[in-house]
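Novice: Start from the sequences and build out the full structure, keeping to the hints where you can.
For the sequence shown, my numbering assigns the number 32 to the initial residue and increments by one for each residue that follows.
Think of the hints as simulated: they come from the structure by calculation, not from any bench. For every residue, glycine included, the Cβ atom is placed at its ideal position computed from N, Cα and C. Check before you lean on any hint, since a few could be wrong.
Claimed, not checked - Label-pair restraints from in silico Cβ distances:
{"id": "1", "residue 1": "G44", "residue 2": "A64", "range": "26 to 32 Å"}
{"id": "2", "residue 1": "A64", "residue 2": "P36", "range": "17 to 23 Å"}
{"id": "3", "residue 1": "R40", "residue 2": "D71", "range": "17 to 23 Å"}
{"id": "4", "residue 1": "G75", "residue 2": "G54", "range": "16 to 22 Å"}
{"id": "5", "residue 1": "V66", "residue 2": "H43", "range": "16 to 22 Å"}
{"id": "6", "residue 1": "A35", "residue 2": "L84", "range": "17 to 23 Å"}
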Amino acid sequence: MTGAPRAFRKMHGLGNDFVIFDGRADRLDLTAAQVRHIADRSFGIGCDQIITL
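Specialist: Right, here's the structure in full:
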């Protein structure tokens with residue numbers, strides 16, 4: 032995945048982990064490939080859910 036770095040939060044609870052992006056001021060459009068890369072625990076941030084505000 033390429034592009035400018037973007038701030039995020041990673042949170043977890045009840046066996047789930049989330050990556051949260053704030054897209055309110057700057058729209059965030061993720062492709063399916065980008066979502067898979069972010070969620071990948073070996074090569075990405077690692078999560079089972081992505082939330083965009």
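Novice: All the hints need checking, so say for each whether the structure fits it.
Specialist: Comparing the hints with the structure gives:
Distance hint for G44 and A64: a CB-CB separation of about 27 Å, consistent with the stated range 26 to 32 Å. Between A64 and P36, the C-beta spacing of about 18 Å keeps the proposed range 17 to 23 Å intact. A beta carbon spacing of about 18 Å between R40 and D71 agrees with the range 17 to 23 Å that was offered as a hint. Here the CB-CB span from G75 to G54 is close to 18 Å, well matched to the stated 16 to 22 Å.
Here the CB-CB span from V66 to H43 is close to 18 Å, well matched to the stated 16 to 22 Å. The beta-carbon spacing between A35 and L84, approximately 18 Å, falls within the hinted interval of 17 to 23 Å.
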